[in-house]
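J.: Please construct the entire structure, taking both the sequences and the accompanying hints into account.
Number of protein chains: 2
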Amino acid sequence: MALGVGFIGFGEAARVFAGGLRGTGPVLLAFCRGPRNAPPYAPAFRQAAAALGVELVDTLDELARRADVLFSAVATPAAAAVASECAAALRPGQLYVDINAVAPATKEAIAAAVAARGASFVDAELMGAASLYGAAVPLYVSGDGAAEFQRRFAPLGLNVTLVPGAPGAAAALKMLRSVVTKGIEAVVVEAMFAAVRAGMAREAFAAITEPMDAVKFSDFARMCLTSDPIHAGRRAEEMIGVGEVLRALAVDPIMVEAARRRLLWSAGLGARPEGEREGMTDYLDVLRLYDRLDRSREQGGSS
Amino acid sequence: MALGVGFIGFGEAARVFAGGLRGTGPVLLAFCRGPRNAPPYAPAFRQAAAALGVELVDTLDELARRADVLFSAVATPAAAAVASECAAALRPGQLYVDINAVAPATKEAIAAAVAARGASFVDAELMGAASLYGAAVPLYVSGDGAAEFQRRFAPLGLNVTLVPGAPGAAAALKMLRSVVTKGIEAVVVEAMFAAVRAGMAREAFAAITEPMDAVKFSDFARMCLTSDPIHAGRRAEEMIGVGEVLRALAVDPIMVEAARRRLLWSAGLGARPEGEREGMTDYLDVLRLYDRLDRSREQGGSS
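Keeping their order, the protein sequence lines are chains L and E.
Following our numbering, the numbering of the first sequence begins with 1 at its first residue and continues without gaps.
Following our numbering, the numbering of the second sequence begins with 1 at its first residue and continues without gaps.
Incorrect hints may appear among the rest.
Selected chain E positions facing chain L (in silico; Cβ < 8 Å) [claimed, not checked]: (1) A113; (2) V215; (3) E238.
Chain E is nowhere near these chain L residues, computed Cβ spacing over 10 Å in every case [unchecked claim]: (4) A48; (5) G118; (6) G183; (7) A258; (8) G270.
Derived list of chain L stretches under chain E, where covered just means 3 residues or more per stretch with a C-beta under 8 Å from a C-beta of chain E [claimed, not checked]: (9) 191 to 197; (10) 281 to 288.
No lab work stands behind these hints: they were computed from the structure.
Glycine included, every Cβ here is placed at the ideal spot set by N, Cα and C.
T.: Spelled out as C-alpha cells, the structure:
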C-alpha cells in the first residue's frame, strides 16, 4: 500500500514539499485550519490542493488516521498546541515530523508527547527558504525517527542531513543559522534602504552582491572568522563613519551600531597578539581562543 | 619610459597590488612610515619589498617626484594628513589614487587638495578583502582621474568599475557595502561563538554555509528584500527565541537583538498589504515603497 503523507497546515512550505513528492509514490493529504483556509474549504482552495495532487481532509483526526507520516507545517506559535492535539490520534509506527521554527525545548516537549503514543518524532529544520530552494531545501533532522525519515524521503528527492543528539538538536542548529540569515536580511534591508535614499540603489546592490557572488560564502565566512582577531578593532572604527553616513540619510543605523559593538567585543578580547603570532587559519582555533579569553575575562571580573 | 607607480604605505593591500602589477610594465616604488617600518628600513623589509619587485624610497617627496601614479594605502586615520603632505609635491598629469576606507567627505577634501596642484584624483575603493580576492579585488573608482585610471590599469589586470558622480561616490558605495560585509562578519562571529559554546561549531558552520554556498548571494539578497514586506514580522518574532538560546549559552545576542529591531521596523511600516497585493518581485519596488511609507510615517508624527 502506498505511503500516506499528511500535511498539517498547507502554507508555502507544505505546498513546496507536496509539489516535490507528487508522483514519487506517496498518497498526499492535508488538513488546514488557518485564518484564511479552514474546513469546509473554499472551492478554489480545494482546487489549488488538487492541482498539487493533494486531497484535503476535514479533521486532524482523519489526517492522523490515514497518514503514516505527518508533517506539521503550521504557524510557528501554533506548533505545540497542534502537536498535543494530534498526539492523541498517533499510533506506533507513525512518524511525526515537525518542520516549524520553534525552540529546541519546544521540539523536545513535542517529542515526548509523540513518544508517549509510541510514534517516532523527527525535528526537521528547513535550512533555507522553501521559496528559494524548492523541495530540495536542505532539511536537517534529529530525533528518534530521523534515520527512518532519511531512509524514506531521501530517495524521493528530499535533501536530508542527519544531526546526532537530542530531538531538538536540529532546532538548535537552525537557530544558530537564523542569527546569520535573519542578520543578513536585516543588514541588506538597512544598507539598501540607505542606498535608495542616497539615489544609488542599483549601484549599491551591484557593489554589495557582485563581489559576494564571486566567492563561496563558506570562504567568506571563514575569512571573517580568521581575520576577526586582527582586524575587528579597525573595522569597528570604520563603522562609526558608516553610521554617520546613514544618519545623514535619515536612516537609523541599527545594524551598523550593533556590528560596531560586536566587533569591539572581539577586539576587546585581546586575541590580536595570539592571532598574529599563530597566524590563525582555522576558524575553530579562533573560536576556541575567544571562548577561553571570554571565560578568563569573566572570571577576572574585568569585562 | 615605463610608468612609475608609487605606493604610500606598504601593508597588505599595497603588496597585493604590487604583486599583481609586477612584470606588467610599471616601475614599482614604495614609501612607508608606519609604527613597524620606516626609513631607514630594516634589511628584511627591504628584501621583502625587493622580492615583490618594489624599490623602497626614503622620502614621500622622492616618491611623488618619481611616480606618475601614487596609491595611498595607509592606516585609515592617516589618509587625510598623508594626502595634504603629499599634495605639495604633486604636479599636473599625475594621478593620486586614494584606496583608504575613509568617508566620502574626506575623499572630497583630498580631491580638492590634489586638484589645487593640477593633478587628478581617484577615489578607489576595494569592494572586498585583498586577502580574499588578491589583485583582482573589485575596485570601484570615482573622481576626475577615474576614467584614466581604468584606461591605464584594467589592461594590467586590475578589476575596475567606474562610478559616476562626485569624487566620493565610490566611497559612499563602499560604506553602504560595509553595512553588509561588516554586518555579516558580526553575525557570523556571534553565531559561531554561540555554536562553539554549544559544542556544535563544525555542524553549525556547515548548516550556515552549505545552503548559502548553494545559492548566489545576489539571489539571496533579492529574496531578503522582496520577502521582507511579508515575513519581517514573523522573523522578528523568531529572533526572540534565538536570543534566548544565545543567552542560555552566556552569549550576548547583540546582532540578534538588532536584527529583531530592524525587522520590526520593516514590519511596522505596514507594507504587507501592498506587498501581498502587488506580489513584489523587484527589490527596487520594495525599497521605494519603504521610502514612501517611512516618509509618510515621519510626516504623520506617529513613528
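J.: Is the Cβ of G183/L farther than 10 Å from every Cβ of chain E?
T.: violated (3 Å)
J.: Hint check: is the beta carbon of V215/E less than 8 Å from a beta carbon of chain L?
T.: holds (6 Å)
J.: Take the segment 281 to 288 of chain L, compare each residue's beta carbon with every beta carbon of chain E, and decide whether three or more fall closer than 8 Å.
T.: Holds: 4 residues of the segment 281 to 288 of chain L have a Cβ under 8 Å from chain E.
J.: Once the shortest beta carbon distance from E238/E to chain L is found, is it less than 8 Å?
T.: holds (6 Å)
J.: Do three or more residues of the segment 191 to 197 of chain L come closer than 8 Å to chain E, measuring C-beta to C-beta?
T.: holds (count 7)
J.: With chain L as the partner, please determine if A113/E meets the hint condition of a C-beta pair closer than 8 Å.
T.: Violated, about 19 Å.
J.: Hey, is A48/L genuinely clear of chain E, shortest beta carbon separation above 10 Å?
T.: About 16 Å separates A48/L from the closest Cβ of chain E, which puts it past 10 Å; holds.
J.: Closest CB-CB distance from G118/L to chain E, is it above 10 Å?
T.: It holds; G118/L is separated from chain E by about 29 Å at its closest Cβ, greater than 10 Å.
J.: Determine whether the non-interface label on G270/L survives the test: each CB of chain E must be over 10 Å from its CB.
T.: Answer for G270/L: holds, closest chain E Cβ roughly 15 Å.
J.: Does the no-contact call for A258/L survive, Cβ to all of chain E over 10 Å?
T.: violated (3 Å)
Figure legend: structure checked against the earlier numbered hints; hints not met, in rising order: 1, 6 and 7.
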